[in-house]
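There are 2 protein chains.
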Amino acid sequence: MADFRPISLRDVEAWHAEHDVVVVGEGVAGGAAAIEAARAGADTVVLERMTRGGGATSLSTGITYFGGGTAIQKACGFDDSVDEMKAFVTLAAGAQADPERVRLYCEGSLEHFDWFRSLGVEYKPTFIEEKTTHPFTDDCLTFSGNEEAWPHSAQTRPVPRGHKPAREGEAGGLLMEAVLAGVLDAGATVVNECRVERLVVDEAGRVAGVAAQRDKAPFFVRARRGVVLATGGFIFNEEMVAKHAPHLLQCNYKVGTEGDDGSGINMGAAAGGETVNMSEGLVLNAYYPPASHLKGVLVDATGRRFVNEDSYLGRTSDAIVSKADGRAWLIVDDEIHGQTQAMHRIAAVEESWEALERALELPEGALVQTMAYYNEHAARGEDPLFHKASRYLKPLVEPPFGALDCSTAGSFFGVFTLGGLAVNAAGEVLDHAGRPVPGLFAAGRCTAGLCREGRSYASGLSIGDGSFYGRLAGRAAAAMEPRA
Amino acid sequence: MADFRPISLRDVEAWHAEHDVVVVGEGVAGGAAAIEAARAGADTVVLERMTRGGGATSLSTGITYFGGGTAIQKACGFDDSVDEMKAFVTLAAGAQADPERVRLYCEGSLEHFDWFRSLGVEYKPTFIEEKTTHPFTDDCLTFSGNEEAWPHSAQTRPVPRGHKPAREGEAGGLLMEAVLAGVLDAGATVVNECRVERLVVDEAGRVAGVAAQRDKAPFFVRARRGVVLATGGFIFNEEMVAKHAPHLLQCNYKVGTEGDDGSGINMGAAAGGETVNMSEGLVLNAYYPPASHLKGVLVDATGRRFVNEDSYLGRTSDAIVSKADGRAWLIVDDEIHGQTQAMHRIAAVEESWEALERALELPEGALVQTMAYYNEHAARGEDPLFHKASRYLKPLVEPPFGALDCSTAGSFFGVFTLGGLAVNAAGEVLDHAGRPVPGLFAAGRCTAGLCREGRSYASGLSIGDGSFYGRLAGRAAAAMEPRA
Chain Y
1 MADFRPISLR DVEAWHAEHD VVVVGEGVAG GAAAIEAARA GADTVVLERM TRGGGATSLS
61 TGITYFGGGT AIQKACGFDD SVDEMKAFVT LAAGAQADPE RVRLYCEGSL EHFDWFRSLG
121 VEYKPTFIEE KTTHPFTDDC LTFSGNEEAW PHSAQTRPVP RGHKPAREGE AGGLLMEAVL
181 AGVLDAGATV VNECRVERLV VDEAGRVAGV AAQRDKAPFF VRARRGVVLA TGGFIFNEEM
241 VAKHAPHLLQ CNYKVGTEGD DGSGINMGAA AGGETVNMSE GLVLNAYYPP ASHLKGVLVD
301 ATGRRFVNED SYLGRTSDAI VSKADGRAWL IVDDEIHGQT QAMHRIAAVE ESWEALERAL
361 ELPEGALVQT MAYYNEHAAR GEDPLFHKAS RYLKPLVEPP FGALDCSTAG SFFGVFTLGG
421 LAVNAAGEVL DHAGRPVPGL FAAGRCTAGL CREGRSYASG LSIGDGSFYG RLAGRAAAAM
481 EPRA
Chain B
1 MADFRPISLR DVEAWHAEHD VVVVGEGVAG GAAAIEAARA GADTVVLERM TRGGGATSLS
61 TGITYFGGGT AIQKACGFDD SVDEMKAFVT LAAGAQADPE RVRLYCEGSL EHFDWFRSLG
121 VEYKPTFIEE KTTHPFTDDC LTFSGNEEAW PHSAQTRPVP RGHKPAREGE AGGLLMEAVL
181 AGVLDAGATV VNECRVERLV VDEAGRVAGV AAQRDKAPFF VRARRGVVLA TGGFIFNEEM
241 VAKHAPHLLQ CNYKVGTEGD DGSGINMGAA AGGETVNMSE GLVLNAYYPP ASHLKGVLVD
301 ATGRRFVNED SYLGRTSDAI VSKADGRAWL IVDDEIHGQT QAMHRIAAVE ESWEALERAL
361 ELPEGALVQT MAYYNEHAAR GEDPLFHKAS RYLKPLVEPP FGALDCSTAG SFFGVFTLGG
421 LAVNAAGEVL DHAGRPVPGL FAAGRCTAGL CREGRSYASG LSIGDGSFYG RLAGRAAAAM
481 EPRA
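In order, the protein sequences belong to chains Y and B.
Just so you know, we're using the working numbering here: the first sequence kicks off at 1 and counts up by one.
Just so you know, we're using the working numbering here: the second sequence kicks off at 1 and counts up by one.
Hints are not guaranteed to be accurate.
Said to hold, decoys possible - Ranges of calculated distance between the beta carbons of each label pair, as one might list FRET restraints:
no., chain 1, residue 1, chain 2, residue 2, range
1, Y, Arg52, B, Asp3, 38 to 48 Å
2, Y, Val368, B, Ala433, 48 to 58 Å
3, B, Ala355, Y, Glu168, 28 to 38 Å
4, B, Gly381, Y, Arg103, 49 to 59 Å
5, Y, Gly169, B, Asp83, 49 to 59 Å
6, Y, Val368, B, Gly381, 43 to 53 Å
7, Y, Asp325, B, Glu238, 28 to 38 Å
8, Y, Glu168, B, Ala372, 50 to 60 Å
9, B, Gly381, Y, Glu361, 19 to 29 Å
10, B, Arg345, Y, Asp325, 29 to 39 Å
11, B, Glu376, Y, Glu100, 36 to 46 Å
12, Y, Phe136, B, Leu249, 41 to 51 Å
13, Y, Glu168, B, Ala359, 37 to 47 Å
As the list claims (entries may be wrong) - Calculated from the model, a selection of chain B residues having no Cβ within reach of chain Y, i.e. all distances over 12 Å:
no., residue
14, Glu13
15, His16
16, Asp43
17, Lys74
18, Pro125
19, Glu148
20, Arg157
21, Glu168
22, Gly173
23, Ala347
24, Glu376
It should be emphasised that the hints constitute simulated quantities derived from the structure, not laboratory data.
Source: prediction; values computed, not measured.
We put the beta carbon where it would ideally sit given N, CA and C, even for glycine.
Use the sequences and the hints to build the structure in full.
If you want it as structure tokens, here you go:
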């Protein structure tokens, strides 16, 4: 593995460039940081290792988690408030969440939505009725997390807050085009194909710049005020995943870019930053759409259910990994069966539960018992075990009965990491004693950010976190006292 | 929180003491390190913050995981081999285990057993038949992990390897007395009531000594060769647990001493060491003895089983936390019910399953269904769901039926941490790029050691790991080139 140890300032013979603020990585977090730093008057540079910025966001749906009463929410007839949003985001952010980050994010959400619109991102005032993971149309508003699913639905009033930019299909690219243009409009300099490898630290421990590779030659960039790491997560670094989150290795599709190799996390840690939440990730196995599949029954290798099937896929997928030990099937009948986007393999099709149970080699009588119990209660609109919403409850009685393979070994499991550098709300990287590492900031997936757990996640929280806290980090770096 | 950043060598005005090897902490890892360093000819000091050494081991049963054919195993009629031990310890060490550490540990086990005996620890050649967690007698050999429980029992031939020193009741104190005497016999110096707070690092990044507090005054100790951190885990540091392993906070009894506050982990990390495995811990809710309780049925809040009840308590307790979300009951009938050492609260006693289900407020029909399925198969000596061993399978049919509260909120849950500094097998602390931090070694629970997961743990692995790898770390520190 590369050497991430910081270089001593006294070992830097000459700087190849010099700026107030140096942003490392031009995904949504780095782009947002650069825009705000430059707008604050700081001479700002973004160093991006790829030929073009964009990062993981440019590969995504572009859904961003906004609320508190956006124009789109209002136009679609949904009431929302900062307090209600805060109550939900507190749940969605997970047990390790930082309440201060949740509060600022929710209180700033309307302004943040306007910020994206001011960059030219457009949102249609339309609601996407059917539960889906990847809206194909240019419609906007969607329940993008567990808002309507138990237990969250019992704790907060469900309000849709996922906002997709107005483009058919994936819209993350459009979002990032706006951010990249915003970076240039704000007057920041962008240097592509420039791979930052180490930080430069002075004798007092303050980060003074970065050491990069550009055109196969060393490229030292001085940061008069601060360095913002926005390098993404570490899902593309198999060694790091094995070390910190080995359960994620069973997932077969890495969500992100090759840049998500943990380099920023390692550079920051080697400069004294603490890493936290390193074992957590978002795991994604999408057995819906079609939404009719939410009427299916997800069972483990003992033939029993283990989660309400209408939860957000981050929660059901986490349950497949952690509660079902990676082995699960979605049981459907002829009426509800459809094709998923991930084209789940059909593990078995039979005319009776007994035959399906045998075909799946489940314990004798287990699936039969599960289905008898489920159907009996579904007929009454009840799910005493996991409280699936009544609109997804119907007895599965139309043969043939099928089993879709939702195992990590036999199905499509997307994954990215949720651990990284410890930062405070201003984006300062914190050391093991909770003190800022002077001159060093970070945002996005190289940090342990707003949402800490895949099981509570909602789509749009990561783009929301990266962009919102990227902006704060850029401003904080720009506000640092310049070094002499 | 304290400042753990290393002090620059040039800021040290004077050393109060000077040794070849400085060991921090005198639990079993530090004691073992000091013995071996001193025996290797190094001038060695142990700095212990408490009035007396002992650490968490002195509070334990003293069971240590030895195998490969010890005299005790042979005398009790059990065959064992290094390869069979390796196969089992590979499973017990968990998914994140380091195969090299497993190999060395197993290959060195007979010698390591003799090493303890040479210190004066005695072991009786007797086997403890009944499955228990805390043997009350002075008998020795016990199945101390999941050896006999599925799925481990299907993967390796069950052999008992837990060795308890010959003393009635807890024997960890006796074990540590022998180690503490061994430290002095080997010629090492022991300084008690000396709290190490920071490392001292020279300009090249090599650890040069430690800064401690002694008699309320600073006490700087130079290490000519190396520093060995053996400071224990972090379960007594609530802030660290909240940050790295928040699910462990629901456990109400910290296993260890107040010294287990993570100070060594933080000092090592601040000097450039990487921390790994920080989210893992061993969780312990002992519903046996009496062994008759292994015939009980452990159910979650949906009234269903989630683990074979005859697993080692590290596995059942982990399952209560991770699979049952902290809510579980052990269901017993009149025949098998007894009092546990932890005196589990009886949540309900009823004459029928229907009544018990209602009393526990479980979903309608769920417990009834679970017990019907379990009893039907138990009568045939089968457990198709979780493969409990046949000797623990009997239908529960003697009313009244009872439910023992095994929830984290209502029962006794012991816990300690299994994460810490990344080290190689020689005990060198590794940085984020996998390179040794020069002059810094670590062993025991301040490291991510031999066993990485509570769900696969076996009693004796932590004392075994700390003592075995403490010895190697002590030798490696003693073998360092002395600084000028």
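Exercise for review: Could you work out which earlier hints the structure fails to respect and list their numbers in ascending sequence?
Suggested key: 3, 6, 11, 13 and 24
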